[in-house]
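2 protein chains.
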Amino acid sequence: MASGPLTGFRIVDLSRVLSGPIATTLLADQGADVIKVEPLNGDLIRAMGGSGLSGTFVSANRGKRSIALDLHTEHGIDVVKKLVANADVFIQNFRPGAASGMGLGYEVLREINPRLVYVSVSGFGEEGPYAHKRVYDPVIQALSGMADIQASSENDRPRLMRTVIPDKTTGLTVAQAITAALLSRERTGEGQAVDVAMLDALVSFLWPEGLVGLTFVGNEANVKRGQRTRDLIYQTKDGYITAGALSNREWEGMCRALDKPEWLTDERFSTPRARGMNGALRLELTAEVLATNTSAYWLERLDAEEVPCAPVLSRPEVIEHEQIKVNGTVTEYDHPHLGRIRQPRPAAKFAATPPATEQVAPLLGEHTRAVLTEAGYDEATIETLITDGVAIASE
Amino acid sequence: MASGPLTGFRIVDLSRVLSGPIATTLLADQGADVIKVEPLNGDLIRAMGGSGLSGTFVSANRGKRSIALDLHTEHGIDVVKKLVANADVFIQNFRPGAASGMGLGYEVLREINPRLVYVSVSGFGEEGPYAHKRVYDPVIQALSGMADIQASSENDRPRLMRTVIPDKTTGLTVAQAITAALLSRERTGEGQAVDVAMLDALVSFLWPEGLVGLTFVGNEANVKRGQRTRDLIYQTKDGYITAGALSNREWEGMCRALDKPEWLTDERFSTPRARGMNGALRLELTAEVLATNTSAYWLERLDAEEVPCAPVLSRPEVIEHEQIKVNGTVTEYDHPHLGRIRQPRPAAKFAATPPATEQVAPLLGEHTRAVLTEAGYDEATIETLITDGVAIASE
Chain V
1 MASGPLTGFR IVDLSRVLSG PIATTLLADQ GADVIKVEPL NGDLIRAMGG SGLSGTFVSA
61 NRGKRSIALD LHTEHGIDVV KKLVANADVF IQNFRPGAAS GMGLGYEVLR EINPRLVYVS
121 VSGFGEEGPY AHKRVYDPVI QALSGMADIQ ASSENDRPRL MRTVIPDKTT GLTVAQAITA
181 ALLSRERTGE GQAVDVAMLD ALVSFLWPEG LVGLTFVGNE ANVKRGQRTR DLIYQTKDGY
241 ITAGALSNRE WEGMCRALDK PEWLTDERFS TPRARGMNGA LRLELTAEVL ATNTSAYWLE
301 RLDAEEVPCA PVLSRPEVIE HEQIKVNGTV TEYDHPHLGR IRQPRPAAKF AATPPATEQV
361 APLLGEHTRA VLTEAGYDEA TIETLITDGV AIASE
Chain L
396 MASGPLTGFR IVDLSRVLSG PIATTLLADQ GADVIKVEPL NGDLIRAMGG SGLSGTFVSA
456 NRGKRSIALD LHTEHGIDVV KKLVANADVF IQNFRPGAAS GMGLGYEVLR EINPRLVYVS
516 VSGFGEEGPY AHKRVYDPVI QALSGMADIQ ASSENDRPRL MRTVIPDKTT GLTVAQAITA
576 ALLSRERTGE GQAVDVAMLD ALVSFLWPEG LVGLTFVGNE ANVKRGQRTR DLIYQTKDGY
636 ITAGALSNRE WEGMCRALDK PEWLTDERFS TPRARGMNGA LRLELTAEVL ATNTSAYWLE
696 RLDAEEVPCA PVLSRPEVIE HEQIKVNGTV TEYDHPHLGR IRQPRPAAKF AATPPATEQV
756 APLLGEHTRA VLTEAGYDEA TIETLITDGV AIASE
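Protein sequences appear in the order of chains V and L. No gaps in the numbering here: position 234 of the first sequence is 234 in our numbering, and each next residue is one more. No gaps in the numbering here: position 358 of the second sequence is 753 in our numbering, and each next residue is one more.
Treat the hints as calculated values from the structure; they're not laboratory data. Glycine is no exception: its CB is placed at the ideal position from the N, C-alpha and C atoms. A portion of the hints provided could be inaccurate.
As the list claims (entries may be wrong) - Which bits of chain L does chain V cover? Going by a derived footprint, with three or more residues having C-beta under 8 Å, they are: (1) 399-409; (2) 466-478; (3) 569-579; (4) 591-603; (5) 735-743; (6) 762-775.
What the hints assert, rightly or not - Chain V is nowhere near these chain L residues, computed Cβ spacing over 10 Å in every case: (7) Ile507; (8) Val530; (9) Thr687; (10) Glu727.
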C-alpha cells in the first residue's frame with residue numbers, strides 16, 4: 001500500500017518518547033516499514049493516555065508496527081539482532097553507552113549487517129560533563145540559549161517556549177540524517193554510524209538569527225537589544241492580530257491602512273533604518289491605532305494594502321481556518337482503537353510518491369507475532385518466547 | 396574536497412531569505428554542490444550586513460556558489476535552464492505561480508531534465524485564500540496556533556516566539572524532503588515535484604504535543620489549561636536555572652536536594668497525578684526555596700540527586716559552555732572576506748561521510764564565470780552576458 005519515497009526501507013526503532021519517534025514517524029509516513037521495539041511496559045508516553053494510545057503517542061508513532069520485548073534477557077536481545085539482519089536502519093536514544101551495554105552497540109550490529117545505518121540520538125553528546133545526565137526538553141532550552149532568546153522584554157526573565165522545540169527539531173534533523181545516510185549508501189554500498197545530540201541540533205537550529213550575534217569573533221553584537229521592544233502581536237477591539245511592514249512599500253501601505261497619512265512624512269519612520277531606530281515608538285503608536293477597531297476591520301484594510309497580516313488563531317480555530325481546509329493540512333479519519341481522530345498530513349507533498357495518510361498507531365505488541373514470523377521464527381519458538389515472558393503479543 | 400552524504404548531487408537554488416536557503420545550506424554542508432542563483436541586487440538578506448555578507452546570510456548560505464542573473468531577461472532564464480539540464484534538484488520559494496510565469500515551471504524544466512527533483516516552498520500553499528499573500532514568520536506563528544501556545548499565563552495575551560521557528564522548521568522539512576526524493580529517484584529513476592507550505596510544516600511540527608488536544612474528534616481537550624501555571628525557569632540568588640521532576644524517583648530526589656523532607660509525605664505531591672493536580676502550588680513552593688541560594692549551590696545538589704537541571708545560559712555563555720566545547724558544536728575559523736567567524740557545526744555526525752565544516756558564503760556573483768563555464772558557455776558568450784547586464788561577476 002505504501003507509496004512514499006521511503007518505501008522498501010526497514011527501520012528497527014528502539015527510540016522512545018519524542019526525539020527519535022518523531023523522526024521515524026516522518027519516515028513511516030513516507031513509506032518506511034518501522035518496527036517499534038518496546039519494553040514490556042511500553043514506551044513511556046503510551047501512559048499519557050488511558051488506552052496506551054495517548055494523543056502524543058499516536059502522533060509520534062503512527063504508521064509503525066510494535067513488538068514488545070524484554071531487552072534485559074539474552075533472548076530478547078537475540079530477537080533484535082535477528083531483526084537488524086534484515087533492516088536498513090537501527091535507531092536508539094538511550095543514554096550514551098547504554099546500547100553497547102545491552103549488546104546492541106554499532107560494532108556488534110555492523111558485524112551482523114555491514115550495510116546498516118546505525119543512529120544514536122543523545123541529549124548532550126557521547127562525551128563531556130553532561131553526557132550522562134538525564135535530558136528533558138527545558139534543559140536543552142536552557143543550555144542552548146533558547147530560554148535567553150525568549151526572555152521577557154519587561155524584566156529580562158528567561159522564559160521557556162511552551163512547545164518542545166528541542167525534541168521536535170531534533171526529530172526533523174534525525175529524519176534528514178537517516179535519509180541522507182541511506183542516499184549515500186545507494187552510491188557507496190556502505191552503512192555507517194550517525195550521531196545526533198539534541199544540544200547540537202538546537203544550537204545549529206537557533207543560529208541563523210537567534211545566535212547570529214555571536215558570528216563575528218571580537219565583534220559580537222549586544223544580543224539582547226532586539227528584546228527590548230514589544231512583539232508584533234496587537235490587541236484589537238475583539239481579539240488579536242499580527243501585522244508587519246519591512247519594506248518602504250509595506251510601510252506606506254500600513255500608514256494608509258491605519259489612516260495615518262502624517263506618518264508618511266514623519267522622518268522618524270521614513271527609511272527602514274529610521275523605522276528600526278524608532279521601533280519601540282512605532283510599535284506603540286501602531287498598537288494604539290489597532291486597539292480602536294475590530295480584527296476584521298483592520299485585516300481587510302491591511303490586506304487591501306498588501307501588508308502582511310493575519311488573525312492570531314486559537315488552537316481550535318486553526319483546524320477550522322479556510323486555508324488549513326484548502327490545504328488539507330489536517331486529516332480526520334477513523335482509528336480502529338480510538339474512534340474518529342485528527343492528524344496533520346505530512347507537510348511535504350511528493351507528486352510521484354505521495355506519503356501515506358490515515359496512519360494508525362500500534363497497540364503495545366500488536367505486531368509481535370507478525371514481526372517474529374517475518375524474522376524467521378517458527379510458531380513453537382514464538383509461543384515459547386511469549387510463555388517465557390520474553391515477548392508480549394497483544395491480540 | 397566534499398565528503399558528505401550528498402556529495403555528487405547538484406542543486407540549482409533560486410530560493411531566497413530563509414526557508415529555502417536554510418534547507419540548501421544543510422545539504423551543502425553534507426556535500427551537495429549548491430548553485431545559488433541570485434537577482435542582480437542579491438538575496439534580500441545580504442543587505443542586513445554592510446558587506447553583503449550579513450551574519451544571517453552567511454549562516455543560511457555557507458558552502459554555496461553564487462551566480463547573479465537578471466531573471467527578467469530571456470537570456471537570464473536560458474542560463475537557468477542550462478544549469479537545470481545538469482542538476483539533480485531545482486528549488487524556488489517565489490509566490491505560487493511566479494516561477495511558471497518566469498518560464499521556470501515544472502512542466503518546462505522536466506522536459507529539459509526528466510530526473511529533476513523540482514521543489515516549491517510557499518508560505519500558505521499553492522491555492523486558497525492566503526495563497527497569494529505575502530508571508531512573514533509572525534504571520535505563520537499567528538495562523539498555526541504557535542502564538543496561542545506561547546500565550547501569557549497571566550493574561551492570555553498571545554505571544555510570538557522570538558526566533559523564526561516557521562522559517563527554520565520549514566528549512567529542515569524541505570531538506571529532508573529533497574533528500575527523500577533523491578533517495579526515491581535512486582530506485583525509480585524518476586524525478587518529481589515536491590511542494591512544502593510553511594503553514595503545513597508548522598502545523599505538523601506543532602501537533603505532537605502543541606496541538607495534540609485536538610486529536611480526538613468530539614473530545615477535544617481544553618487546550619489552554621497547561622498555560623495557567625508558571626514555566627520551569629527559577630530565579631536563584633544570582634541567576635536562573637531550570638529543574639524538573641517527572642517520575643517519583645526524580646521528585647524524591649528534588650525533595651532531598653531542596654531539603655524539604657516533609658514534601659515526601661505530603662499527599663498533595665505523592666503521585667505523578669497528584670503533582671499534576673497541584674502543579675501551580677508545587678512550582679511556587681519550589682521557586683520559593685530555589686530563590687534562597689545560588690545557582691551553583693542548587694545545581695550541585697540537584698545533580699547529586701539525578702534531577703534533570705541546568706543553568707539558563709545567556710547567548711554569550713552558550714559558546715563558552717564546557718559541553719558545547721567538548722561537542723565542538725561551534726566552529727571558529729577564518730572567512731576570506733569576513734575575518735574570524737563562528738558557525739555551528741552541522742548537527743548530525745556521519746562517521747563514514749563527515750559533513751564539511753569551515754564553509755564559506757559567497758559574494759554576489761562570485762562564481763558567475765565558473766558556473767557559466769561549467770555549463771558550457773564559451774568565454775566570448777560569458778563576456779557578452781556580463782557586458783549586456785544579464786549576469787554580474789564579482790572578481
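So, going through the hints one by one against the coordinates:
1. Counting residues of the stretch 399-409 of chain L whose beta carbon lies closer than 8 Å to any beta carbon of chain V gives 5, which meets the minimum of three for the stated coverage.
2. With a threshold of 8 Å between beta carbons, the proposed coverage of the stretch 466-478 of chain L by chain V is violated, since 0 of its residues qualify and at least three are required.
3. For the stretch 569-579 of chain L, the proposed coverage by chain V is satisfied: 10 residues have a C-beta within less than 8 Å of a C-beta in that chain, meeting the threshold of three.
4. With 11 residues having a beta carbon nearer than 8 Å to a beta carbon of chain V, the stretch 591-603 of chain L meets the requirement of three or more and the stated coverage holds.
5. Here the stretch 735-743 of chain L counts 9 residues with a CB under 8 Å from a CB of chain V, which clears the bar of 3, and the coverage holds.
6. For the stretch 762-775 of chain L, the stated coverage by chain V is not satisfied: 0 residues place a CB nearer than 8 Å to a CB of that chain, which falls below the threshold of 3.
7. The claim that isoleucine 507 of chain L lies off the interface holds: its Cβ sits roughly 17 Å from the closest Cβ of chain V, which is beyond the 10 Å cut-off.
8. For valine 530 of chain L, the requirement that its beta carbon stay farther than 10 Å from each beta carbon of chain V is not met, with the minimum near 7 Å.
9. The beta carbon of threonine 687 of chain L is kept farther than 10 Å from every beta carbon of chain V, the shortest such distance being approximately 18 Å.
10. Residue placement check: glutamate 727 of chain L does not keep its beta carbon more than 10 Å from all beta carbons of chain V (closest about 6 Å).
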